[in-house]
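Novice: Below, each chain spelled out in residue letters.
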Amino acid sequence: MRWLRYLNQWRGTAKEAFDQVSIVAKFLCLLHVTDRYIISSTHVQGPSMLPTLNLTGDVILAEHVSHRFGKIGLGDVVLVRSPTDPMKMVTKRVLGLEGHRLSFFADPLVGDDSVNVVVPKGHVWIQGDNVHASTDSRNFGPVPYDLIEGKALLRVWPLRCFGSLR
Amino acid sequence: MGIQNLLWQVTKKAFTGGIIGVTISDRCCSVVPVRGDSMSPTLNPQRNSYLGKCLLEENAPKLILFDPYFLLIRLLILDADDYVLVEKFCLQDYKFVRGDVVVFSSPTHFKDKYIKRIVGLPGEWISSSRDVIRVPEGHCWVEGDNKASSLDSRTFGPIPLGLIRGRVTSVVWPPQRFLAFRPRFSSGVDLLKMGRLFVIDLQGETYSCKHCHTPFALTDDLISKSFHCKHGRAYLFENVVNVTVGEMEHRIMMTGWHTVADIFCVCCGSLVGWKYEIAYEKSQKYKEGKFIIESRFKVLGPDGGGYDMNEDEPMIGSDEE
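Residue numbers (full-length UniProt numbering), protein chains in the order written: chain A, 1 to 166; chain B, 1 to 321.
List time: in silico DSS-like cross-link candidates among lysine-lysine, alpha-carbon distance up to 30 Å:
| # | chain 1 | residue 1 | chain 2 | residue 2 |
| --- | --- | --- | --- | --- |
| 1 | A | K15 | B | K12 |
| 2 | B | K88 | A | K88 |
| 3 | B | K113 | A | K151 |
| 4 | A | K71 | B | K113 |
| 5 | A | K121 | B | K113 |
| 6 | B | K88 | A | K121 |
| 7 | B | K113 | A | K88 |
| 8 | A | K26 | B | K113 |
| 9 | A | K121 | A | K71 |
| 10 | A | K26 | B | K111 |
| 11 | A | K88 | B | K95 |
| 12 | B | K111 | A | K121 |
A partial selection of chain A residues facing chain B, derived with a Cβ cut-off under 10 Å:
| # | residue |
| --- | --- |
| 13 | Y37 |
| 14 | T84 |
| 15 | D85 |
| 16 | H123 |
| 17 | E149 |
Hint data in this document are derived by calculation from the structure and do not stem from the laboratory.
Please read all numbers here as calculations on a predicted model, not as lab measurements.
The C-beta atom is built at its ideal place from N, Cα and C for all residues, glycine as well.
Model the full assembly from the supplied sequences, consistent with the hints where possible.
Specialist: The following block contains the structure:
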């Protein structure tokens with residue numbers, strides 16, 4: 001008979017615990033959906049986007065809505081999953097959409113020979129603003145559109161550079 | 001007031017349910033329908049069967065196209081697409097194994113998703129119709145099982161691993177196809193490390209896979225023909241090439257306990273025999289590091305025929321599974 005009383009007590013506690021856990025779980029799910037589908041913040045670093053982005057690292061806000069509707073345009077700074085390492089994300093600028101004809105210097109430090117390329121269907125050409133220190137489409141070719149994960153909106157850190165990326 | 005409250009409650013519940021559903025489908029697993037027959041007979045086998053082809057509109061005689069019984073049968077057979085479970089845990093580290101069936105976004109039409117099998121990992125060499133291609137870092141080579149009607153890497157080249165959206169683990173609908181899906185290669189083995197560079201070509205008289213004619217061993221490497229397993233004859237070889245080695249297992253044979261690993265053809269993935277890793281009886285130690293190829297797994301002898309079952313050699317040293 002005593003264990004029946006314990007069972008009732010435990011039922012109350014268990015229900016409370018379940019409620020708390022479900023609140024936390026719902027919050028985490030909301031966080032995931034916002035981060036993946038609406039807006040997220042990313043820390044970017046590296047020399048490939050100088051002078052637009054700093055060498056030592058910036059925090060930028062990126063939105064994840066426009067790439068789903070195909071609304072990525074020329075000149076947008078985008079977050080792309082690297083085609084050479086799927087665990088890495090790179091930030092580059094879109095310089096060519098499908099069907100565009102581009103020419104670039106094979107190696108800007110050495111000769112003047114330029115390569116002409118047409119961006120195939122379903123792909124985009126991404127390039128870092130700092131042509132001397134950037135591995136981008138000049139190295140690994142045009143990337144499929146679906147590797148784009150977000151478009152950069154504005155920079156939030158460091159505070160003195162707060163604002164849109166131009 | 002009551003209606004408004006009710007509506008609000010329903011909306012809240014739907015919103016919460018939707019968010020939880022989206023999170024689970026992004027991080028855990030989801031169920032997707034398989035369209036088309038590029039993966040027949042592994043997935044959607046009815047589309048490529050003789051009956052399936054007969055039921056296609058272009059093949060059916062004009063008179064019965066409007067017959068209600070015909071339409072009903074057509075609905076039951078052709079429209080019974082498989083629904084598969086796609087798991088998303090593989091996207092944490094992108095470690096795939098040759099033989100995985102994956103869902104990925106099309107490189108040419110970003111809104112479409114395809115389901116195909118990975119047959120080449122980064123760094124491997126794939127022989128296509130005219131030349132040999134190396135799969136670049138961070139990419140993979142995908143092909144459909146039904147080579148005749150599949151749009152895959154033979155058309156659009158290797159795809160970046162970042163395009164992959166999940167791995168197919170099992171068929172969940174229709175229920176009689178449940179558990180029918182089996183990965184062709186032994187799972188659980190890190191085949192990334194095995195990295196097939198190219199198929200080794202053997203000069204001379206060889207034993208090869210009856211299915212894809214990949215050579216396995218030279219007649220010179222044959223040690224003994226007088227092994228047999230419970231399914232028939234088996235040959236012991238000194239060295240075997242063009243096979244991938246599966247997981248090690250302990251097995252009891254007629255001659256005692258052994259640790260063996262199954263071996264599979266690198267080209268078509270069919271099971272061909274096993275390799276002795278460790279023998280626990282002193283008298284069986286000579287077998288360590290050697291390979292058994294079973295005759296039932298369709299191995300062609302050098303004369304082109306299957307193993308000759310009427311050999312009059314004594315059955316010494318037989319090993320039963």
